[in-house]
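A.B. asks: Those sequence lines, one after another, are chains A and B.
Here numbering that gives the first Met the number 0 is used: position 434 in the first sequence is 433, and no number is missing along the way.
Here numbering that gives the first Met the number 0 is used: position 95 in the second sequence is 94, and no number is missing along the way.
Simulated from the structure, these hints should not be mistaken for laboratory data.
Please note that the accuracy of each hint is not assured.
Said to hold, decoys possible - A few chain B residues that face chain A, going by a derived Cβ cut-off under 7 Å, partial list only:
# : residue
1 : 86
2 : 90
3 : 126
4 : 133
5 : 151
6 : 175
In this text the structure is predicted, and so the values were computed from the model without any measurement.
Note that the Cβ used here is the ideal one computed from N, Cα and C, for glycine as well.
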Amino acid sequence: MSSSVPFRERLQALRYNLIPDHLIGEILTKRWTDNAIPFLALVAVIAIFGSAIPGFFNPFSLQESTRQLGEFTIVVIGLTVVMLGGGIDLSVGSIFALATFAAVGCFFILDLPVWVAFLGALATGALCGAVNGYLVGFLRLRAFLTTLVTFIIGRAVFDILIVQYGAAVQTSFAQSDAWDFIGDGTVMGLSVPILSALVLAIVTHVVLTRARIGWHILAVGGSRRSAHNAGLKVRRTVFLTYVFSGLCSGAAGFLVACRLSGAGPGTGAGLEILALTAAVVGGNALGGGRGSVAKALMGAVIVLVMTNGLIRLGYGTGTNQMVLGLMLAVAVTIDIRWLKNRHKVLNEVYVAPVYLRMGDAQSAEPGSGTPYALNNRLSEAEPIGLGELEGPEDVILDRDDHLYCGTRHGEIVRFFAPDYKRSEVFAHVGGFPLGLAFDRAGNLLSCVGAMGLYRIAPDRTVTRLSAETKRSLTSVQDDARLRDPNDLDIAPDGRIYFTDSTKRYDAHEWTLDSIENRGTGRLLVYDPADGTTRTLLDGYRYTNGVCMAHDGKSLFFSESWACRIHRYWIEGPRAGTAECVIRDMPGYTDNINRASDGTYWMAWLGMRTPSFDLSLRHPAMRKRMTRRLPQDDWLFPNINTGGIVKFDETGRIIRTFGDLSGLSHPMVTSMREHKGELFIGGILNNRIGRYRIEGADPTWTGPDSYWGRT
Amino acid sequence: MGFPKDLSQERIVALITVAIFAMASVALPGFFSPDNLVAIVRSISVLGILALGMAVIIIGRGIDLSMVAIMAMSVAWYLQMLNDGMGEWRALALVLAGVLVIGLANGFLVAYAEVPAIFVTLASASFVFGLVRSQMIGSDAVPVPAGHWLGHLGGMRLADVPVEVYVFAALAFATFLFLRFTKWGRYVYYAGDNPAAARNIGMPVRPMMVLRYVLSALIAFVAGLLTAGSLQSMNTRVVNSTQLYDIVLVAVIGGIGLSGGKGGVRNVLIGAALIGILLNAMTILDIPLLYQNLIKSAILLIAIIVDGVLNPRDEQTAQQGDI
Numbered sequence: 000m001s002s003s004v005p006f007r008e009r010l011q012a013l014r015y016n017l018i019p020d021h022l023i024g025e026i027l028t029k030r031w032t033d034n035a036i037p038f039l040a041l042v043a044v045i046a047i048f049g050s051a052i053p054g055f056f057n058p059f060s061l062q063e064s065t066r067q068l069g070e071f072t073i074v075v076i077g078l079t080v081v082m083l084g085g086g087i088d089l090s091v092g093s094i095f096a097l098a099t100f101a102a103v104g105c106f107f108i109l110d111l112p113v114w115v116a117f118l119g120a121l122a123t124g125a126l127c128g129a130v131n132g133y134l135v136g137f138l139r140l141r142a143f144l145t146t147l148v149t150f151i152i153g154r155a156v157f158d159i160l161i162v163q164y165g166a167a168v169q170t171s172f173a174q175s176d177a178w179d180f181i182g183d184g185t186v187m188g189l190s191v192p193i194l195s196a197l198v199l200a201i202v203t204h205v206v207l208t209r210a211r212i213g214w215h216i217l218a219v220g221g222s223r224r225s226a227h228n229a230g231l232k233v234r235r236t237v238f239l240t241y242v243f244s245g246l247c248s249g250a251a252g253f254l255v256a257c258r259l260s261g262a263g264p265g266t267g268a269g270l271e272i273l274a275l276t277a278a279v280v281g282g283n284a285l286g287g288g289r290g291s292v293a294k295a296l297m298g299a300v301i302v303l304v305m306t307n308g309l310i311r312l313g314y315g316t317g318t319n320q321m322v323l324g325l326m327l328a329v330a331v332t333i334d335i336r337w338l339k340n341r342h343k344v345l346n347e348v349y350v351a352p353v354y355l356r357m358g359d360a361q362s363a364e365p366g367s368g369t370p371y372a373l374n375n376r377l378s379e380a381e382p383i384g385l386g387e388l389e390g391p392e393d394v395i396l397d398r399d400d401h402l403y404c405g406t407r408h409g410e411i412v413r414f415f416a417p418d419y420k421r422s423e424v425f426a427h428v429g430g431f432p433l434g435l436a437f438d439r440a441g442n443l444l445s446c447v448g449a450m451g452l453y454r455i456a457p458d459r460t461v462t463r464l465s466a467e468t469k470r471s472l473t474s475v476q477d478d479a480r481l482r483d484p485n486d487l488d489i490a491p492d493g494r495i496y497f498t499d500s501t502k503r504y505d506a507h508e509w510t511l512d513s514i515e516n517r518g519t520g521r522l523l524v525y526d527p528a529d530g531t532t533r534t535l536l537d538g539y540r541y542t543n544g545v546c547m548a549h550d551g552k553s554l555f556f557s558e559s560w561a562c563r564i565h566r567y568w569i570e571g572p573r574a575g576t577a578e579c580v581i582r583d584m585p586g587y588t589d590n591i592n593r594a595s596d597g598t599y600w601m602a603w604l605g606m607r608t609p610s611f612d613l614s615l616r617h618p619a620m621r622k623r624m625t626r627r628l629p630q631d632d633w634l635f636p637n638i639n640t641g642g643i644v645k646f647d648e649t650g651r652i653i654r655t656f657g658d659l660s661g662l663s664h665p666m667v668t669s670m671r672e673h674k675g676e677l678f679i680g681g682i683l684n685n686r687i688g689r690y691r692i693e694g695a696d697p698t699w700t701g702p703d704s705y706w707g708r709t
Numbered sequence: 000m001g002f003p004k005d006l007s008q009e010r011i012v013a014l015i016t017v018a019i020f021a022m023a024s025v026a027l028p029g030f031f032s033p034d035n036l037v038a039i040v041r042s043i044s045v046l047g048i049l050a051l052g053m054a055v056i057i058i059g060r061g062i063d064l065s066m067v068a069i070m071a072m073s074v075a076w077y078l079q080m081l082n083d084g085m086g087e088w089r090a091l092a093l094v095l096a097g098v099l100v101i102g103l104a105n106g107f108l109v110a111y112a113e114v115p116a117i118f119v120t121l122a123s124a125s126f127v128f129g130l131v132r133s134q135m136i137g138s139d140a141v142p143v144p145a146g147h148w149l150g151h152l153g154g155m156r157l158a159d160v161p162v163e164v165y166v167f168a169a170l171a172f173a174t175f176l177f178l179r180f181t182k183w184g185r186y187v188y189y190a191g192d193n194p195a196a197a198r199n200i201g202m203p204v205r206p207m208m209v210l211r212y213v214l215s216a217l218i219a220f221v222a223g224l225l226t227a228g229s230l231q232s233m234n235t236r237v238v239n240s241t242q243l244y245d246i247v248l249v250a251v252i253g254g255i256g257l258s259g260g261k262g263g264v265r266n267v268l269i270g271a272a273l274i275g276i277l278l279n280a281m282t283i284l285d286i287p288l289l290y291q292n293l294i295k296s297a298i299l300l301i302a303i304i305v306d307g308v309l310n311p312r313d314e315q316t317a318q319q320g321d322i
């Protein structure tokens with residue numbers, strides 16, 4: 000940096016290029032950030048109560064706490080599944096109590112074996128859950144009120160039962176080792192409830208994330224209407240979530256029956272608000288679709304440690320309810336606000352511009368006398384497919400002179416030689432086909448924006464070759480995915496070299512990438528021999544066109560937002576390295592292709608302007624701009640003027656073509672020479688241009704140049 | 000009985016009420032005596048007052064599960080302060096401020112933070128109970144101080160009718176006037192029927208919502224004063240009882256649709272009459288309290304099912320997250 004740069008600007012450069020602001024946005028796009036708040040709460044709660052209560056961490060006290068934790072966790076997992084499906088189950092407390100009574104009744108009053116007591120508890124839970132599920136799932140009643148009412152009914156039934164049979168339980172002499180073991184014993188130092196909870200957590204997690212029914216539950220919770228329209232059995236799925244919750248409460252009731260060997264009026268009292276608070280504090284969304292077993296576990300630990308801790312610290316009656324109410328209100332509010340504003344926060348912080356001082360460029364003004372001086376030649380180009388085409392980013396011709404281009408509708412269109420008046424849809428790929436190339440066998444290869452690298456065989460079958468590369472070790476966002484594959488070319492050995500322009504934005508958000516100006520473009524290679532994709536170069540500002548040099552030992556690629564052309568060596572002493580051959584062009588570089596005389600054509604998609612160059616030196620201004628102004632008012636590269644530049648292997652500029660009328664080819668993204676003519680494409684254009692080149696070899700074609708004459 | 004077209008829930012319930020009333024009058028000795036009838040009206044007047052507040056909230060598409068907690072805890076705190084020797088006005092001002100804050104907090108969270116009302120009020124009920132029970136008062140029940148006006152209130156009668164019946168009647172009439180004849184009263188229906196449309200045409204939907212929660216909190220406080228007056232104390236255990244569900248029961252069974260925008264004071268009166276007669280009949284029949292709870296909750300479930308059948312929701316029209 001020269002010493003003429005003001006100190007303040009140098010400070011800005013350091014600030015914006017060294018502090019990785021963009022990571023905030025990338026972290027926020029992660030689903031796991033939802034877990035951050037509950038996790039911090041978990042750590043805080045354990046730290047506070049662990050230090051306030053003497054002997055909190057001593058093994059025996061932990062052992063006792065985990066028994067209760069196990070039972071509670073089982074209930075919370077059940078409730079979480081219901082919430083994921085878009086419902087809520089407040090009746091867990093009374094189901095729990097009824098199941099406890101069922102187990103106790105089977106064992107102590109009827110003198111039945113332990114396994115019958117277990118089945119009795121489960122059956123009670125399943126039955127109550129089925130009632131809830133029927134009312135909410137099939138009759139479509141409001142989940143909250145309905146389960147509130149079934150909760151009261153269950154509680155009333157339990158109270159009646161306990162008054163009638165409570166004495167009979169206490170005077171019973173039934174005994175069993177299995178019963179006592181479940182209540183008191185440990186396996187490898189872990190109590191039975193905590194083991195059961197762990198097993199249940201793992202199974203539920205696997206089912207939710209891997210199994211069909213789990214996906215159905217999440218789909219129903221995420222969007223009930225879409226799930227219904229997609230043909231899922233919404234009502235049955237909701238029904239099953241309640242049955243599952245009932246089963247969980249039943250199992251927990253059995254465990255507590257073994258532990259306490261009895262049931263009393265207090266059994267399960269207040270459990271519904273505890274479990275609800277746990278599920279919500281853990282971060283499971285109300286209304287469904289968002290949540291996990293891990294969240295349920297965190298919530299269960301937070302709530303239980305907190306309530307037990309308050310009791311052990313000797314706070315009086317009511318403190319627990321106060322704290323629970325406060326936690327529930329805060330958690331629900333955070334959940335709702337976060338869900339509502341997450342995308343706003345993301346919009347605010349995602350665009351993180353960097354500082355760049357562009358080098359001075361030679362003028363491209365008509366008549367300026369520089370090699371870049373634009374003329375009006377391209378306005379003479381004859382239109383092909385005028386008004387029929389939308390967005391021919393790249394064009395290419397085959398050995399039979401037919402002309403191919405991609406369109407923004409995801410199609411490859413073929414125009415028939417010799418006059419290119421007739422056309423057909425050659426193949427439908429989807430996405431937005433950008434760069435095109437023919438391989439030795441005559442397959443058409445295309446970089447499809449937002450999708451990946453595709454091959455279209457002469458018989459029109461479409462095959463995906465690559466959609467991902469190896470993930471880099473330090474990336475926060477998933478940079479294995481090809482987000483914006485742009486252009487490709489094929490080496491003599493059949494390897495496909497192609498560019499992925501940016502890791503941070505989708506193809507249609509290229510304006511944001513230009514404003515941010517962060518170097519995240521890549522050069523990649525796909526090896527057809529083993530189907531692997533490797534990243535060769537990384538960190539360029541929007542890698543774009545790729546062209547194999549005439550000798551096939553190196554390739555040229557363009558770096559759009561830096562207005563540069565680089566050469567990458569495939570063979571020879573400098574293999575694997577890149578050098579910049581042309582820097583500080585007056586236009587934004589796009590596709591590069593071979594010319595018949597051993598030189599190269601290169602497209603300018605737009606021209607630099609002093610105002611945008613200046614804004615690149617003011618990252619804070621650009622950040623403000625994207626946040627506060629509507630998109631129409633943004634300052635970004637001028638794409639109303641472009642052109643075609645011809646350069647040779649040494650980087651010398653030979654000549655420049657333009658369209659000063661602005662009617663035919665204001666911006667150019669690609670051009671192909673074929674039999675003395677130049678075919679011109681533009682990603683925002685509605686035609687392909689056909690321009691006769693003076694003095695060009697009238698027999699030269701691309702396929703011949705790459706693969707020899709046949 | 001009429002035919003399905005005329006068979007609104009309100010009419011069904013009215014007919015059932017009359018039928019039960021007739022049956023009870025014939026079958027139960029002592030049911031149709033002036034004393035017992037006054038007792039019925041008295042027994043439901045506190046419930047009815049609470050149900051009026053709940054009705055206004057439900058019509059505006061909300062629900063307030065914190066009413067019983069506010070009722071019990073505000074009065075308990077008030078009595079505790081009086082018992083501790085605080086001046087009448089100071090105590091009253093403090094309690095009113097507390098009630099106002101809770102109502103505002105409920106309303107703010109529902110209206111502005113857009114948290115579902117059912118969670119907000121469930122949480123605030125727990126919070127209010129816990130806060131007052133653990134910080135403000137010493138035991139579950141707080142007696143009315145000797146010689147306090149609340150103590151006289153409970154025994155006051157006009158023309159052999161207890162004073163709370165008049166309060167209920169006056170509040171019912173005031174609510175009726177508010178809902179039927181004032182601008183903001185009509186707005187409650189529009190906001191409850193379609194909040195988005197109401198907001199689009201410029202109604203102050205959110206401030207109105209806050210106002211409703213404040214109103215219901217104040218109504219709960221009044222109901223609490225009457226309760227304390229007639230029992231000479233406030234027992235905070237009522238928070239854990241089923242009284243809250245009785246309130247919802249009265250509102251819902253009278254035909255106030257939970258989806259909002261429907262119903263009025265008449266529905267509350269009918270619902271209250273049915274519940275009052277039922278409770279009284281069950282008491283005369285000497286049905287234990289536990290079974291009474293079971294019967295009441297079963298009736299509430301049936302009411303909700305009927306409400307669901309009369310106001311059905313399907314997969315296409317259901318709101319996401321509407322639980």
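A.B. asks: What hint numbers does the structure not satisfy?
C.D. replies: 1, 2, 5, 6
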